[in-house]
Structure formats: C-alpha cells, structure tokens
Amino acid sequence: MEIIVVPDPESVGDVAAERIAELVRRKPDAVLGVATGSSPVPTYRSLEQRVRNGLDVSGVSAFALDEYVGLSEGHPQSYAEVVRREVTERLGLDPERVHVPKGHAVDVPTACEEYEEAIRAAGGVDLQILGIGSNGHIGFNEPSSSLAGRTRVKTLTPTTRRDNARFFDDDLSQVPTHCITQGIGTILDSGLALLVASGEGKAEAVAAMAEGPVGAFCPASALQLHRRSVVVVDEAAASLLTNREYYDFVRDNRPSWQL
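When you read off a place in the sequence shown, starting at 1, and then add 2, the result is the number in the numbering used here.
Simulated from the structure, these hints should not be mistaken for laboratory data.
Each residue gets a CB set at the ideal place from its N, CA and C atoms; glycine is no exception.
Wrong hints could be hidden among the right ones.
Stated by the list, open to error - Computed Cβ-Cβ distance ranges for the label pairs, DEER-style:
1. E213 <-> G126: 25 to 31 Å
2. S40 <-> S148: 25 to 31 Å
3. E115 <-> P257: 38 to 44 Å
4. G187 <-> S258: 28 to 34 Å
5. G201 <-> P111: 32 to 38 Å
6. Q226 <-> V108: 35 to 41 Å
7. T244 <-> E119: 37 to 43 Å
8. E115 <-> D10: 40 to 46 Å
9. P257 <-> E75: 43 to 49 Å
10. D10 <-> D172: 24 to 30 Å
11. E75 <-> S136: 25 to 31 Å
12. E202 <-> S148: 26 to 32 Å
Using the sequences provided together with the hints, build the complete structure.
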C-alpha cells in the first residue's frame with residue numbers, strides 16, 4: 003500500500019487526479035470505478051481541469067461504486083444523479099458508458115447480479131476511486147462485511163446514516179436504510195485502488211486501514227491485500243499514522259515509470 007500525505011484536500015485531489023490522468027493517457031479506453039461522497043469531489047474538480055486542458059476521456063467508461071435502495075429514479079440524492087452531476091457532466095463522459103446500480107429496481111438482487119456481470123463484461127475496473135467512512139467502510143461495505151463479497155444489498159449502519167444525513171437536509175428519517183454496493187471482493191479485483199481522504203474525522207479510520215490488522219471490522223483494511231493500492235490523504239487525515247518517515251520517503255522517491 004502506497005501512502006501519499008499532502009498538505010490539504012485540494013492537494014489530495016490534484017495528486018489523485020494526476021494518477022487517473024496517467025492511466026487514461028496510457029489506456030484511452032480505461033474503465034474507472036467512481037465513488038460519491040465529499041472525499042472524491044476535489045479529485046473530480048482537478049480532473050476536470052485536465053480534461054479542459056486536453057485530456058481525452060471520450061473512450062473512458064465508469065462504474066459507480068454503490069447506490070441507495072428505495073429512492074425514486076431521478077431523486078437528487080440518488081447516486082445516479084450525483085454521478086451524473088459530479089462525474090459524467092463535469093468530465094464530459096459519454097453517458098452511455100457510465101453505469102450505476104439500479105437501486106430503484108423491482109428485483110434488487112437480480113440487479114446486483116446484473117451489475118457484477120456488467121463489470122466483468124467490460125473487462126473489469128482498471129482504477130477504482132474510493133473514499134473511506136469514519137467507521138472504516140469502503141463503498142457501503144460496513145463493518146463485519148465479507149472480505150470476499152461481490153455486488154449485493156447491504157444494510158447501512160446508524161453511523162453511516164447519521165454521516166449521510168447532511169445530504170438529506172439533516173433529516174435522518176429520509177436517509178435510506180439499504181443500498182447496493184460493490185463488494186470488497188469486487189473492489190480487490192480492480193487493477194488499482196485509489197483511496198482519498200481528508201480531515202481529522204477520517205484519521206482513526208485511515209490509521210486502522212493502513213497500519214491495523216486486516217479484518218472485517220475495518221473493511222478498508224482489505225486494501226492491504228490489494229495488488230496495487232494507493233492512498234492519498236491530507237495532513238489531518240494522516241495525523242494518527244506512525245510510519246510517516248517511510249511513507250514520505252516512498253512519495254519522494256517514486257519511480258517515473260510507476261503508476
């Protein structure tokens with residue numbers, strides 16, 4: 003796991019966006035896994051500037067990491083709408099190439115299976131963008147989730163629902179109780195996992211993910227098992243890491259050929 007510590011959220015976005023841009027330059031038809039929430043927003047904004055400066059994303063496809071179950075199609079806080087606003091339109095992606103789980107489907111379990119199959123049919127995700135919850139979740143894989151799980155329905159924890167209430171006018175009763183999420187097994191199949199985090203509120207989760215034991219009660223710790231994972235955090239989110247000297251040495255001595 004490569005840990006990159008930078009001064010602030012804007013720098014997190016710049017570093018992560020450049021990693022994504024490097025991939026797209028090498029592979030114009032790259033498949034991205036895109037996450038929602040506040041953590042990846044600086045990344046998308048920085049990537050937007052690269053697109054405006056000539057980065058060609060016309061061949062890029064994207065698969066959203068998760069979606070609420072039970073929100074109506076077109077609901078402004080559905081992740082389909084968030085991805086449309088923050089990713090598809092911001093980056094100028096082809097909407098036909100951007101996929102989101104169907105949380106409004108009549109048969110949700112079948113929708114999960116179809117989504118997993120669509121990822122496989124696309125050749126898998128080349129680069130998966132991730133945030134991390136304050137309880138260590140990635141996607142909506144909450145503590146105690148299977149480390150081998152695939153795309154499926156999950157029940158959201160009270161902590162996650164409280165954290166997300168800010169997107170629903172702080173009305174907890176409006177926050178869905180269930181979601182569709184790519185499983186940790188699905189995430190581990192990606193070519194590169196790129197996790198971004200900022201703020202002191204993420205410090206405990208970041209430390210547990212990077213330096214704690216691998217276990218289901220910190221789902222993000224499974225990234226220690228990923229063949230290629232990069233974690234970009236600001237100073238506040240890195241404040242509880244103990245191995246900073248090594249992380250900074252790796253950051254400052256990155257080979258030019260390494261993605």
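To see whether the hints hold, each was checked on the structure:
A C-beta distance of roughly 28 Å is found between E213 and G126, which places it inside the suggested range of 25 to 31 Å. Separation of S40 from S148 is about 27 Å and conforms to the stated range, judged on CB atoms against 25 to 31 Å. As the Cβ distance of E115 to P257 is approximately 40 Å, the hint placing it in 38 to 44 Å holds. Our hint of 28 to 34 Å for G187 and S258 holds, since their Cβ atoms are close to 33 Å apart.
At about 35 Å, the CB distance of G201 to P111 agrees with the hint of 32 to 38 Å. With their beta carbons about 38 Å apart, Q226 and V108 fall inside the hinted range of 35 to 41 Å. In this structure the supplied range 37 to 43 Å holds for T244 paired with E119, their Cβ-Cβ distance being about 42 Å. Between E115 and D10 the C-beta distance comes to about 41 Å, which sits within the given range of 40 to 46 Å.
Taken as a hint, the range 43 to 49 Å holds for the pair P257 and E75, whose Cβ atoms sit roughly 46 Å apart. Taking the beta carbon of each, D10 and D172 are about 26 Å apart, inside 24 to 30 Å as hinted. Between E75 and S136, the C-beta spacing of about 29 Å keeps the proposed range 25 to 31 Å intact. The beta-carbon spacing between E202 and S148, approximately 30 Å, falls within the hinted interval of 26 to 32 Å.
The structure meets every hint from the earlier list without exception.
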